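Trainee: Line order of the protein sequences matches chains A and B.
Residue numbers for the first sequence follow our numbering, so the first one is 115 and each next one is one higher.
Residue numbers for the second sequence follow our numbering, so the first one is 49 and each next one is one higher.
Hints are computed from structural coordinates only; laboratory data are not their basis.
All of these numbers come straight from a predicted model, not from anything done at the bench.
Hints may be right or wrong, so weigh each one.
[Claimed, not checked] Have a look at the derived ranges for each label pair, beta carbon to beta carbon:
id : chain 1 : residue 1 : chain 2 : residue 2 : range
1  : B       : L75       : A       : R126      : 33 to 41 Å
2  : B       : A192      : A       : G189      : 50 to 58 Å
3  : A       : R135      : B       : S90       : 23 to 31 Å
4  : A       : Q183      : B       : R110      : 15 to 23 Å
[As the list claims (entries may be wrong)] Here are some chain B residues the structure puts well away from chain A; computed CB gaps all over 12 Å:
id : residue
5  : E63
6  : S90
7  : E180
No residue lacks a Cβ here, since even glycine has one placed at the ideal position from N, Cα and C.
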Amino acid sequence: MARRVEVRNEHRDGFRVIRPRGEIDLQVADELRDALLDAVEAGGAVIVDMAGVSHIDSAGIASLVEAFQRARERGQTFRLAAVPDSALRVMRISHLDRVFRIHDTVAEATGEDG
Amino acid sequence: MSGAGDDAVSTAAFELRITANAEHLQLVRGFVHESAMCLGCSAPTTDEVVRATEEACQNVIRYAYGGSARRAITVTVGYSDTDLIVSVIDTAPPIDSRAQQSRPLDTTCPSGLGSHLIRACVDEVVVDHSPEGGNRLKLVKRIA
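With these hints in hand, go ahead and build the complete structure from the sequences.
Mentor: Below is the structure:
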């Protein structure tokens, strides 16, 4: 049976907060990509709350990178929050921890501008 | 190529055969996780081997088979005195192992990230031809 990724979308302190949940792999990475790009296209600042992501592979990371790039092209803020250790390790290996703005919590991400 | 990934010193303990469909990656993760834990690997070692195996299978699905979901991938998990050895076997045309060297990552273009992760997560990567034709990627992780 086809698995789907659950992505919640809410507003908080002027930010659009995207909350993917579960295992993000090649099977569902396109769904995450579409949700993130929709959020960016909607305008405004975007935070991706990664707290509910139990696993993410290179395809999922690529979705984050694509959305980040789109936001940057449009001059929008794009931040990650509550990134699990396993995902953080992947980002460090790939040097993406230097590219993304990563915050410990969503609250921290909303409290910092620029 | 000889070394830790050599068949002469390794024993295959578990085998999983799937069709090359992204839906099966979750199954691959579970299989390698349970196999590695069963063989006494630590949790960090297991996590790294699981990640490397998933990325290897993903490369087969996306590139070696070009999305042809009917073709087979075989994953074996085995061991030697010092290593955990995972083999990912496909039936795609033989690849040039020299072309599989990890290139420098471009963080603005994450293509190639999977191969980079594979090499970061295991101690040795060996590409050779499988006995059935096709390719065999051996992922070797030191456990002793």
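Trainee: For each hint, tell me whether it holds in the structure or not.
Mentor: Hint by hint, here is what the structure shows:
At roughly 36 Å, the beta-carbon separation of L75 of chain B and R126 of chain A lies within the given 33 to 41 Å, and the hint holds. The supplied range of 50 to 58 Å is met by A192 of chain B and G189 of chain A, whose beta-carbon atoms lie about 53 Å from each other. Checking the proposed 23 to 31 Å range against R135 of chain A and S90 of chain B shows it holds: the Cβ atoms sit about 28 Å from each other. Against the hinted window of 15 to 23 Å, the Cβ-Cβ separation of Q183 of chain A and R110 of chain B comes to about 20 Å, which satisfies the hint.
With a cut of 12 Å on Cβ distances, E63 of chain B stays outside the contact zone with chain A, its closest approach being about 22 Å. Every beta carbon of chain A lies more than 12 Å from that of S90 of chain B, the smallest distance being close to 15 Å; the non-interface claim holds. Annotated as non-interface, E180 of chain B keeps its C-beta farther than 12 Å from every C-beta of chain A; the closest such distance is 25 Å.
The structure meets every hint from the earlier list without exception.
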